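Novice: Okay, here's what each chain looks like letter by letter:
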Amino acid sequence: MSAREAILGRVRARIPHGPEGARRGAVERRIAEHPRNLIPERGQGDLEHRIRVFTEMMLAVGGTVEVVDDINDVPHHAAVYLRDGNLPARLRRGADPVLAKLPWHRGGALEVTEGPAADEDRASISRAFAGIAESGTIVLISGADNPTTLNFLPEAHIVLLESSALFASYEEAWTRLRALMGEGNMPRTVNMISGPSRTGDIEQTIVRPAHGPKNMHVIIVR
Amino acid sequence: MPESPPRVGLFVTCLVDLFRPSVGFAAVKLLEDVGCTVEVPEAQTCCGQPAHNSGDRADARAIALNVIAAFRGFDYVVVPSGSCGGMIVKHYPELFDTGSAGHEEALHLARRTHELTSFLTRVMKVDKVEARFPARATYHDSCSGLRELGIREEPRKLLASVEGVSLREMTDADVCCGFGGTFCVKYPGISDKMLEKKLRHIEATGADTLIAGDMGCLMNMAGKLKRVGSAIKVRHVAEVLAGDYATPPIAEAE
Amino acid sequence: MTEMSTTAFKDNVAKALADDQLQFAMTETGPRFIAKRTKAREALPEFDQLRDQARGIKDHVLDHLDIYLERYEAKVKETGGHVHWAETPDEARAAVLEICRKANAKMVTKGKSMISEEIDLNRHLEENGITPVETDLGEYIIQLRNERPSHIIAPAVHLTRGQVEADFRRVHTHLDPGRDLSEIPSLVEEARGVLRRKYLTADVGITGANFLIAETGSSIIVTNEGNGDLTQTLPKVHIVLASIEKLVPTLEDATTILRVLARSATGQEFSNYTTFSTGGRRPGDPDGPAEYHVILLDNGRANVLGTEFQDMLRCIRCGACLNHCPVYNAVGGHAYGWVYPGPIGSVVTPALVGIEKARHLPNASTFCGRCEEVCPMRIPIPKMLRHWREKEFERHLQPTTMRWGLGLWAWVAKRPKLYRRATALAARVLANQAHGKGRLKKAPLASGWTEFRDFPAPQGKTFHRLWKERRS
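Chains as they are written, first to last, in the numbering used here: chain C, 1044 to 1265; chain P, -2 to 251; chain S, 201 to 672.
These are computed hints drawn from the structure, not numbers from a lab.
The reader is advised that the hints may include incorrect statements.
Derived DEER-like restraints, expressed as beta-carbon distance ranges [unchecked claim]:
id : chain 1 : residue 1 : chain 2 : residue 2 : range
1  : C       : A1187     : S       : T401      : 54 to 64 angstroms
2  : P       : R149      : S       : Q249      : 18 to 28 angstroms
3  : C       : A1132     : S       : A490      : 42 to 52 angstroms
4  : S       : S386      : C       : A1132     : 21 to 31 angstroms
5  : S       : T227      : P       : G70       : 23 to 33 angstroms
6  : S       : E651      : P       : R149      : 38 to 48 angstroms
Chain S is nowhere near these chain P residues, computed Cβ spacing over 12 angstroms in every case [stated by the list, open to error]:
id : residue
7  : G52
8  : V120
9  : R144
10 : S163
11 : K190
12 : M191
Note that the structure is a prediction, hence the values are computed from the model and not measured.
We put the CB at the ideal spot given by N, CA and C, even for glycine.
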């Protein structure tokens, strides 16, 4: 008997036995309907409220946030952010069409290259799939346009978050993801990120960064 | 006040019976002061918690049946201990199969059983006592009373009404003192480490009196305080509420 | 499987109590976790309701675990991943080794995984010529020390910065002796530099899993450092070590439990990195591992289903019960002698290694109940510890003197008249021995007590005797 059969057999022998059909039905129903559980009130509210809560939460975990009205201003703000952080005017990005279309020349001397991150890349920019006000969390999904390495290797990670994707709760991001990928399907990687990398492993003293980015900067486009 | 006075059975607890009868008499006074008729069934011994916590269900059940029988017919059963109270209220019903006669009786007893300070405040609706007791005091929450019976404000409220008592909170008042029944003799080193921390918090308040509602914890903390030569006096909450400062504090000379 | 040494519990405890560095670390850091959790809990009014729902989700899963496992496996395969079932640590280790060999692996990076500890994976890899490198800072430190984690989420909580500095100076031979490592950020920076090179050159990345989602075939890791993500993103193979009870039905269900996890663990609103992984690199992906494997370990868990211990399988390994346990905070995690320390460890360890080998653990508790009070999954830990004591009692595993003493006491307690006489005698004898001092330096059969405390003497007569006198 394979380990699989042995384990499943043991599990079956020990759990309460209802009619098999009803048990399977309960599982299939739960997965198909994926009901929402209790959602905290904290993030619920209009866009201004969501921006306020998101910003408060992100600042609390050591990230930074700025809000701009025009997406075409993002290159300029990114360039200023790098300059203020004493970082070279170089940015790595994925092939995401919105990022690709930005007027990068408005970033002055900013040099923007496309592709996954390597060790020597010091700053990157990603476009968020969603932002979650509740906990100041950015949701990034992997794919041809969105290399995962951009989220972890560089020391500064800039994230573009469109206000239409700034949700109150995680649950709304799941709804949007299902609409994109189809029921039950996920991108290879979904990264939920709340602030720059940190550790508390030595004497419970919080130190930033640990292994990932030192800074996370979110630019919300209203 | 009801027409006929409530008939209360006092569950003395084995530690009060053996070590500190004055706590029992203080409890009787407090109950009589609020108009209860107090009786002490002779057939009671211990609540059975030592057996229960040692994994000896059969003996725990036998002792529980004895307590159930001894306290039939009382309006209320009052216990000057959160630990023994918790045993009767929370654990007796678990000792019997759901639906069995024993289970029904255990539930019936559990519903009528109260720790002393919570009985006075919640059932008798008393929020002050007539007593005088000079003490700069700090109160330790015994674990079972706090977490099994939810007793926290009750003793503090009553103590605040005692003339002469001033209360100061210690850090981690809700953290175990290291008694734990047989734990304190099975693992004395761990127990002592927990006690050391507790003592530091007690001493930091500047209190001259330590008060709690359980004899086990009190004996543990008093034993350590006296071993290290502390002048802090240790008292059961019932004695303070009854204004009994004539009786020497726990572990102190007559 | 990792060797069990909990029968040495009393020796471990004695050592821990005499270890000043450990005592300093535990006294200084223990309370910080507690304050942080309290703050996070107070900041979320729905917290306790979420705990109830989290419990409900896991109970539902455990009642349908066979179906959820099948559903999950099918979904992983559909997304191009591989599932390896392992009944025992041996089988799990063999599966990992085989994957590593196929990948021609020389060096593997590892994210934090308690299952890895449970199956003693590092030793097995080393014995087979593969170098495992722990990348979670705490795990990395204890790997340098050849120790086990002393905490589920803070593996090096038992150490001070001075000890870490000494370890780095010993192992990192490139270090300039003049470099100042006395502050914690400089230690973190040093580890970051060393581990960065490992991430980039590892052949295989191994992580644990906080949850497995049946709906999507995803595994979830939750970290703050980003080490888990670098571990699983950069090498060409990603192996996930998980046990069978990690299943949750849907993204929504995982989300609900995630809401209570970080708050209970570190007092964070949400961990820095919560990552959902589903299969390997997709066509067009510019990065990510080519292969994705999940090891599904049982190791005794299925046998817990349907017993009075089933609730332990709801555990999400947040560590809140450790942080709040006065016993854990007195002795640290190593004293428990196996992989999972603290209150939940004292429930889990007997189930996985056998109560005979773990007999001390369920007894080393005062039943203070703080663990149950803070458990996000509302696991009745004291009740289960008591159930283990019942098993020990049934199997005569407790020390004879204790057993006889309690047996004699119970025998007398069941006989009220005899009990009255015995207590009256004891009260009188002990009171006499105290000679009016109110306490004894030594008491019969109570050396465990009087080693550290005086023994308060009885007042002289029992309450029942005095009550009778008063009535007559």
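Novice: Does each hint hold? Answer for all of them.
Specialist: To see whether the hints hold, each was checked on the structure:
Evaluation of the 54 to 64 angstroms hint for A1187(C) and T401(S) yields a failure: the beta carbon distance comes to about 26 angstroms. Here the CB-CB span from R149(P) to Q249(S) is close to 22 angstroms, well matched to the stated 18 to 28 angstroms. Roughly 34 angstroms separates the CB atoms of A1132(C) and A490(S), a value that falls outside the hinted 42 to 52 angstroms. Taking 21 to 31 angstroms as the suggested C-beta distance range, the pair S386(S) and A1132(C) conforms, at roughly 29 angstroms.
Checked against the hint of 23 to 33 angstroms, the C-beta distance between T227(S) and G70(P) comes to roughly 52 angstroms, which is inconsistent with it. Checked against the hint of 38 to 48 angstroms, the C-beta distance between E651(S) and R149(P) comes to roughly 32 angstroms, which is inconsistent with it. For G52(P), the shortest C-beta to C-beta distance to chain S comes to about 3 angstroms, within the 12 angstroms cut-off, and the non-interface label is violated. Every C-beta of chain S lies more than 12 angstroms from that of V120(P), the closest at about 23 angstroms, which supports listing it as non-interface.
Some Cβ of chain S comes within 12 angstroms of the Cβ of R144(P); the nearest lies about 4 angstroms off, and the non-interface call is violated. Taking the minimum C-beta to C-beta distance to chain S, about 25 angstroms, the non-interface status of S163(P) holds against the 12 angstroms cut. Annotated as non-interface, K190(P) brings its C-beta within 12 angstroms of a C-beta of chain S; the closest such distance is 4 angstroms. At roughly 5 angstroms from the closest C-beta of chain S, the C-beta of M191(P) falls inside 12 angstroms, breaking its exclusion from the interface.
Of the numbered hints given earlier, the model fails hints 1, 3, 5, 6, 7, 9, 11 and 12; all others are met.
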